[in-house]
Amino acid sequence: VTCPQPPKPVGDQGGEISRSCSSAGEGAYDESRSTTADSLEQGRRIGSARPQVLKGREVWPGHWGLTRQQLLDLLARLRGDPDWDSKNIVYALVRDFIVPWTRGSGLGYALSVNKTEPKEVNVMVSHAFAENAEDFLESVVRATDDGDVVYICALANYQAEDEAGPSIAEQLGSEPSESPFWRVLVHIKESGDRHGRHWRQWALVQYLPLVLLLGAVLFACMPIMIWEEEFQTWYHGTLVSLDVINWWWFRSLPCAGSLLVLAILLQGALCLTRCIYLGRMLVVPNNEIDIYTRLWCVYEIFTATRLGVPTKMAPTLACGGKSKCESARCSNRTDTDRIRGEIQACEGGYEKVDAAIRCVMRGVRRHTVGTWTKYAILQILPGFSCFIMEHTHEDLAFAPLVLVAYTITACLFVSYVKRIRGRLHISFPALVLMFLCTIGVVYFHVVSMQEPLVHMKFVPWLSFFCTEAATFIIVPILILKGSANSVTFWRRTLIAALYVMFWASRMLMWRRTFQDRFLVARCAFYAWKATMPLYILWTEALHFGCKAITTQDNPRVVAALAWAIMGVWCLLCSGLDLWLWGLVS
1 VTCPQPPKPV GDQGGEISRS CSSAGEGAYD ESRSTTADSL EQGRRIGSAR PQVLKGREVW
61 PGHWGLTRQQ LLDLLARLRG DPDWDSKNIV YALVRDFIVP WTRGSGLGYA LSVNKTEPKE
121 VNVMVSHAFA ENAEDFLESV VRATDDGDVV YICALANYQA EDEAGPSIAE QLGSEPSESP
181 FWRVLVHIKE SGDRHGRHWR QWALVQYLPL VLLLGAVLFA CMPIMIWEEE FQTWYHGTLV
241 SLDVINWWWF RSLPCAGSLL VLAILLQGAL CLTRCIYLGR MLVVPNNEID IYTRLWCVYE
301 IFTATRLGVP TKMAPTLACG GKSKCESARC SNRTDTDRIR GEIQACEGGY EKVDAAIRCV
361 MRGVRRHTVG TWTKYAILQI LPGFSCFIME HTHEDLAFAP LVLVAYTITA CLFVSYVKRI
421 RGRLHISFPA LVLMFLCTIG VVYFHVVSMQ EPLVHMKFVP WLSFFCTEAA TFIIVPILIL
481 KGSANSVTFW RRTLIAALYV MFWASRMLMW RRTFQDRFLV ARCAFYAWKA TMPLYILWTE
541 ALHFGCKAIT TQDNPRVVAA LAWAIMGVWC LLCSGLDLWL WGLVS
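Following full-length UniProt numbering from start to finish, the sequence shown increments by one per residue and tops out at 585.
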């Protein structure tokens, strides 16, 4: 959006920007945050916005931040309060808890918990006050890292209106360029510029370890996928005579190992140095209200776009909004006219703002495409590489069935989860459905035993589909409250161990150390097939904030039962497959 740059915030001392509570919430709270018309006019007569004062020192919005851990502590404090209701919206959180906690101090909640060392903000949060408070805080926690410091107007601004500190109108100032949210965005931009002119592009480096890891998987698949009769002829007739097999880069396993080591080193360096500045604005949609019907939220995205601050969508299952910004409004008519006038004065006007909003919403779609890419590479390629070793070329004609099965099951799962807003129920029908899937696999193995040449080719594809169905049923059990808070490390450790187990057994089989019927190799393959989709869906369910609803008093017991069922599933498939292969041979 190209338009004249507004003046630099008056009195900004490393500060940031944030609007008052009223501009983001429902009409009732919007009015209370904007206060009455008289108090708003009083703030405008004062002129420039006022900071909060901590021990005689002025602290501007750029240091009204909260860490990710402090948000988690706030959530725990609220849930432990007998007066707290999990259905409370952000407005009720401010009115019934934040205001009583901070009354008389002259400081917002953020400065109240950081009196010794105010936190410098690098993430500006845009949201509506009519959304569920717990869902909102959980969305912000999921979208941030331990090193991030967030500005949330409800928790940063002083809301008590008791003359012990600046009023809401005084914190807003008389112009948008004096408001806290503008100061925050300017502060993020200036902090990024101090890290280099291309600090926005450098943020893409954090995805490089994942690209290297996927490259390692591709290289690891090559020896198995191409070790066919035609390749062996070409290998011995051409490569051996040319002596190119001694080139280190031709050997795929050294390449895979090199990429894996490089990915680990790069990820470690990024975690230790934190040399990349990840300043951004975070938009948090919700299921209660279209966030883009609130003009302040639209204006924040508009401002971030003008300043060049990256804008990201928080990982939620809520719709980002379908309204056009021209229909957005504030509860205070003066704020509405002022903001609309500034948007219309810029080149492109509302159309440019709508384009910027659509660009932000496309971030969720890009994440979905990225997840599917990881899923395809890490699950389909290893399956095909094993399949090529054990089947004829005619059987590969059924390969598209795997893609169809993955696509159908994934779309159905995502649609179902969105419809129920991520609240996955644990119930007896889920176990019944899993049992039926297992019976289906047993049935097809028995049928294949009678006519193996006719039915054999259908068995692997059926097992792929049934494993996917079982995975979708197991995921709700794994995201229970008792087991989802401390599983990040164990998820990665588990998948790494299975990966090593799978490829070690397959490579030993390729070297003819094991026979194809060896039980360990078969177990490894089915363990990979069952666990990789489980890992991907488990991670995505936690990423988007899915919740499991159960009446069990001990969710860890239910999670243990899920893993036991999964283990029985892998052993059953491996044993039946081993039995069938013995009969066919």
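Don't read these hints as lab results, they were simulated from the structure.
Please note: incorrect hints may appear among the correct ones.
Claimed, not checked - DSS-like, lysine-lysine: derived pairs with alpha carbons at most 27 Å apart:
(1) Lys352 to Lys312
(2) Lys418 to Lys189
(3) Lys352 to Lys547
(4) Lys312 to Lys418
(5) Lys119 to Lys189
(6) Lys352 to Lys324
(7) Lys87 to Lys189
Going through the hints against the structure:
no. : hint             : result
1   : Lys352 to Lys312 : holds (17 Å)
2   : Lys418 to Lys189 : violated (35 Å)
3   : Lys352 to Lys547 : violated (37 Å)
4   : Lys312 to Lys418 : holds (20 Å)
5   : Lys119 to Lys189 : holds (17 Å)
6   : Lys352 to Lys324 : holds (11 Å)
7   : Lys87 to Lys189  : violated (36 Å)
When held up to the earlier numbered hints, the structure conflicts with 2, 3 and 7 and fits the remainder.
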